[in-house]
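With UniProt numbering as the guide, the letters of the sequence shown map in order to residues 1 to 326.
Calculated from the structure, these hints are not laboratory results. Owing to the predicted nature of the structure, the values given are computational and were not obtained by experimental measurement. Keep in mind that the hints are not guaranteed to be accurate.
[Unchecked claim] In silico lysine to any residue, SDA-like type, Cα no more than 20 angstroms apart, as pairs:
#1 LYS74 - HIS84
#2 LYS323 - SER300
#3 LYS180 - CYS190
#4 LYS225 - LYS239
#5 LYS74 - LEU98
#6 LYS295 - CYS190
#7 LYS295 - HIS315
[As the list claims (entries may be wrong)] Per label pair, the in silico range of CB-to-CB distance:
#8 HIS207 - GLN311: 21 to 31 angstroms
#9 TYR129 - SER170: 40 to 50 angstroms
#10 LYS248 - LYS318: 32 to 42 angstroms
#11 SER114 - GLY275: 44 to 54 angstroms
#12 ALA305 - VAL89: 18 to 28 angstroms
#13 SER170 - SER109: 18 to 28 angstroms
#14 CYS271 - THR102: 47 to 57 angstroms
Beta carbons are placed, not taken as given, at the ideal position from N, Cα and C, and that holds for glycine.
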Amino acid sequence: MRRKTRNFKQKTVQDNKTFTEGSDLESEKDGPTINERIQAVKRQYVCTECGKAFSQSANLTVHERVHTGEKPYKCKECGKAFSHSSNLVVHRRIHTGLKPYTCSECGKSFSGKSHLIRHQGIHSGEKTYECKECGKSFSRSSGLISHHRVHTGEKPYTCIECGKAFSRSSNLTQHQRMHKGKTVYKCKECGKTCVSNTKIMDHQRIHTGEKPYECDECGKAFILKKTLNEHQRLHRREKPYKCNECGKAFTSNRNLIDHQRVHTGEKPYKCNECGKTFRQTSQVILHLRTHTKEKPYKCSECGKAYRYSSQLIQHQRKHNEEKEMS
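From just these sequences and the hints, can you work out the full model?
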């Protein structure tokens, strides 16, 4: 009795080519390689918004929050929300004070691993991404990309509510909190509102006079860290912000923008009292004193007050001259 055999097909791979086997080796068949099939299986979860693919549905779910803006993980302490649970875990350490990541070089501790990695660049001196405009270097390409917008003036992040644009996504996120009715921080002194606690703390130093950021070179102190950074460029003779019209350079982007209005003739700041317009906010503030009669600069010797600091300095010279003569 002749045994009946099954003519089954089995797949084998030779040099990334697929064949079928039965009684005889058949001719080569066209089709994807094994590696291509593996990659297809690995990336079977595709975002319908941007086409990005993922190997796990959970990763796709997290990614989709970039498009939807969903932030399901909320901090019980301050109400700040996050799209990923791991970000909330790191954020909570701000409140608990936990800093589990310690630098082996200097012993300084950090709440997040990314903060430690960024810090370690100080010791290694590794800054591979350099700005061609001003020479400033960064340890990450994302840092250079964000920085470069200072020179280009690009503001790719636009608020869909009011149209205001920002150079950083984090600034847009903070701004949008005002539209969404989320927590707004108010100054008890003047009523000014800010969308973040750190910004209101910076603002309140105007009233308290606190200047925690001191220059190592000359001892001059500042309310804001960014103002200190701009000041330190004077010592380094660094002026990275250059006017395309006349070539004049500045230590800060803000000063460059103010200067460019000399060429454009733009005067966006208007006095509500008389309608006079100005190029800079500081000019409006000084001008307003002609209406309010405010004289904030007071002589400690005789109590006489002045509208402008330059007037007080000139007045104080008289006291100094009198002291020298006596």
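Hints breached by this structure = 3, 9, 12
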